[in-house]
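Engineer: Chain by chain, the residues:
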Amino acid sequence: MTFKKTLLASVIGAAVVGTTMLPMTASAETLRIGYSADPETLDIHEQLSGGMLRLSHLAFDPLVRWTKDFQFEPRLATEWEQVDETTTRMTLREGVTFHSGNEFTAKDVVWTIERLKESPDYRAIFEPVASAAAVDDYTVEITTTEPYPLLLNLATYIFPMDSEFYTGETEDGNEKAEIVKAGNSFASRNVSGTGPFIVTDRRQGVRVDFERFEDYWDTESEGNVSKIVLTPIAENASRVAALLSGGVDFIDAVPPNDLDRVREADNASLVEVDGTRIIGFQMNEERVEAFQDARVRQAVDLAINQEGIADRLMRGFATPAGQFSPEGYSGHNPDLVPRYDVERAKALMAEAGYEEGFSVDMIAPNNRYVNDAQIAQAVANMLAQININVNLRTMPLAQYWPEYDTRESDMAMIGWHADTEDTANFFQYLSFCIDEETGVGQYNYGSYCNEEIDALVTAADSETDLEKRNEMLSEAEAMLYEDVGYITLHWQNLAYGAANGIEIEPVVNALDFPYLGDLVINR
Amino acid sequence: MIAFLIKRLMHAVLVMFVISVLAFAIQDNLGDPVQQMVGQSVPESEREAIRERLGLNDSFLVQYVRFAKNAVQGDFGDSYFYREPALEVIARHLPATLELVFAATLIIVIFSVPIGVYSAIKPRSPLSRLFMGASIIGISIPVFLTAILLIQIFSIGITITLFPESTSWGAWLNGLLSTEGNMPSFGRGYNLVHVVGHWDTNLATWNGLQHLVLPAVSLASIMLPLFIRLIRAEMMEVLQSEYVKYARAKGISMRRVYFVHALKNTMLPVITVGGVQIGTMVAYTILTETVFQWPGMGLMFLDAINRADIPLIVTYLMIVGVIFVVTNTIVDLIYGFVNPTVKLTGKPA
Chain A
1 MTFKKTLLAS VIGAAVVGTT MLPMTASAET LRIGYSADPE TLDIHEQLSG GMLRLSHLAF
61 DPLVRWTKDF QFEPRLATEW EQVDETTTRM TLREGVTFHS GNEFTAKDVV WTIERLKESP
121 DYRAIFEPVA SAAAVDDYTV EITTTEPYPL LLNLATYIFP MDSEFYTGET EDGNEKAEIV
181 KAGNSFASRN VSGTGPFIVT DRRQGVRVDF ERFEDYWDTE SEGNVSKIVL TPIAENASRV
241 AALLSGGVDF IDAVPPNDLD RVREADNASL VEVDGTRIIG FQMNEERVEA FQDARVRQAV
301 DLAINQEGIA DRLMRGFATP AGQFSPEGYS GHNPDLVPRY DVERAKALMA EAGYEEGFSV
361 DMIAPNNRYV NDAQIAQAVA NMLAQININV NLRTMPLAQY WPEYDTRESD MAMIGWHADT
421 EDTANFFQYL SFCIDEETGV GQYNYGSYCN EEIDALVTAA DSETDLEKRN EMLSEAEAML
481 YEDVGYITLH WQNLAYGAAN GIEIEPVVNA LDFPYLGDLV INR
Chain B
1 MIAFLIKRLM HAVLVMFVIS VLAFAIQDNL GDPVQQMVGQ SVPESEREAI RERLGLNDSF
61 LVQYVRFAKN AVQGDFGDSY FYREPALEVI ARHLPATLEL VFAATLIIVI FSVPIGVYSA
121 IKPRSPLSRL FMGASIIGIS IPVFLTAILL IQIFSIGITI TLFPESTSWG AWLNGLLSTE
181 GNMPSFGRGY NLVHVVGHWD TNLATWNGLQ HLVLPAVSLA SIMLPLFIRL IRAEMMEVLQ
241 SEYVKYARAK GISMRRVYFV HALKNTMLPV ITVGGVQIGT MVAYTILTET VFQWPGMGLM
301 FLDAINRADI PLIVTYLMIV GVIFVVTNTI VDLIYGFVNP TVKLTGKPA
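Chains as they are written, first to last, in the UniProt record's numbering: chain A, 1 to 523; chain B, 1 to 349.
The shape of chain A in the complex, shown without the other chains (with noise of 0.2 Å):
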């Protein structure tokens, strides 16, 4: 009987020290995060990812940065003056130090660009962007090739670099600039930026260490987090459970299901942002005759449900789209909203001669968007009603963008996030005729063509005045509305979750990148 005894003995004590474990304390100014992903590198140029990005802010400062409502605002450069068509004139901040110590001044931001103009990834983003010179210590001109609307646009992913920290040869002989791929370079180990946190520990997929730069230069900031820890959690049952037993403070990408458990939570709040990402399916006018008439393009449009999708299937997590570009962006023409009529779908296959229907071929990625595979699966029975025959193969993210791109199927899931926060980059690579030449077109399955809408943008891209640019977008925008180039979704929205005294709200904007050096704790 003793032998009962112990083991009842041992199963209380298992039931004992579960609950009476005491919680974790962690002293008010620390942010532990738990992120889907950490930095890929802290080399900023060597891969253009969000995750970077988010790297990017919290040790480096841009020359201006996004608001919420996309405005423009002064960081390390204050003002900003068009000298001449091709030109501009930027200040810069006086008084601003690197992690190093290193002063800031114009030749940093000289190197930085020519440094992005190397870059795989920004070499395609800066081709606009002939040179820079310093003027004097704080002053900068950069020239572009051609009249250019969107520099700002691009200022915002100028991070200055500390060039003297970053210059010269490491022990055994590469150079500290150097940009390697997926290599191990000076600059993806060692960080010196002017961000207000500098990074002191960092093992990749386990964790992320930062402290408060001390010597910061926005005092103004009222910023007091003085101590980040960011772990990636990518199981997304995970995070939301980290966030709700208090293991972290904040979360980004709660996912749909999960959305009003942390709504609910007593210890945390959920906070969501309309989003930029537009999710749409694009047809193979190459491999399905049908869809080279407009009419049945138009058909498949109407018998889609945005709405439906974006209500049940998203949970109210997305935005109901008509057109590439978000609110907020130049070119969001607010005409064009999701025209859904299953009657007149049908109508219009039956003028096309298609009544009958046809059979056709989809793929969709299953772990690249919110809830991918689930809307694929919705867009086919939709399409079922108008008699087309959908066979969906849906595949991890790093199977599905070589099959993207043999183009072997007749229906392609694709979402975008224009780089440059602008209407024109959707067009230029989702719509363009392919040219392979000057690469735009790039992201084109369906081989889809229309030079009177490429006229309009490329003529966009040049136009200087801005009110007219964006005229001459929303113009496109309801071209291809009409033409049906792309059949868009939604705007897939962005949810955070905080426990509760992390004012998050203020911070977070729809480029998914929070400014936590001027998050407040109040606990």
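No lab work stands behind these hints: they were computed from the structure. Where is the CB? At the ideal position from N, CA and C, for every residue including glycine. Incorrect hints may appear among the rest.
[Claimed, not checked] Chain A regions said to be covered by chain B (calculated; three or more residues, Cβ under 8 Å): (1) 33-44; (2) 172-183; (3) 204-213; (4) 238-244.
On the provided structure of chain A, position chain B as indicated by the hints.
Structural biologist: Then chain B, alone, in the frame of chain A:
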């Protein structure tokens, strides 16, 4: 003995070779690693240049020979994501996984032996029936779900309001069934103690142990019921055998019969199965580590697959192959010690 070990060493080399060929053969289906290394808007020409630099455009044979040449010198290539030698990356993640497997094994041994023996001795007692019923449930619930449930109950906490709160017994029952949570739900915690090399341990601090408990329990949950049932079945068989009956007849105390004579013979097959299962457990850590964000080899491997980090995937598979060979060898050695009638080299005694 020496001959046996040499034979096993040859096995290990053969296993590594076969795995490396297989892993290389499937790498085209793992996806395009370059896709993960560049932003979406990067033009094809840049991607092509990176592919060329990484040697991904070479034929299967050229790539494999290059890999094999380096591998025999101990260089398994650099992980694309970690930007370090793959072996180094694995060495850094290995201790976390081994500690997790060790803790889970400990839980399994501590619970399965007494419970298994008890339910064999008293097969009809209500407690035995409860254990058997629970073990069926335990075997059927996937690790993933067990882990999520543990997190909900012990990390987040649950509030039960099933009973009337106004009555004192209701409030007491509600309080009893509700949990406060507060157990850490992810990671290894921040109070690791450095031991040697890449080995930081969770076992040395209270906080570290707290972090270890839930992942270890959920990892153990899949094997524990299996071992309880195995031990019970073996024990029951042994209890029917002639020598146990003889021992009883001789008047030896029951405790001695159970725990000295019967248990020893029960453990033989258990050790065999156990050794194999420890290898399997390394595989189960992929799920457990993902849910608990436990920074071990399993989580690392899953990430590597998502990123098509081919050098890391190939190296991991080879290392796991070696772990299997090593555990099997150790099991065979132990078996030899426990049961001297077994000859390792298979020669007649």
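Engineer: For the segment 172-183 of chain A, count the residues whose Cβ lies under 8 Å from any Cβ of chain B; is that count three or more?
Structural biologist: holds (count 3)
Engineer: Closer than 8 Å, Cβ to Cβ, for at least three residues: run that test on the segment 33-44 of chain A against chain B and report holds or violated.
Structural biologist: holds (count 3)
Engineer: Do three or more residues from the segment 204-213 of chain A put their C-beta atoms closer than 8 Å to C-beta atoms of chain B?
Structural biologist: As far as the segment 204-213 of chain A goes, the hint holds, because 4 residues have Cβ atoms under 8 Å from chain B.
Engineer: Given as covered by chain B, does the segment 238-244 of chain A meet the bar of three residues or more with CB within less than 8 Å?
Structural biologist: holds (count 4)
Figure legend: structure checked against the earlier numbered hints; every hint is met.
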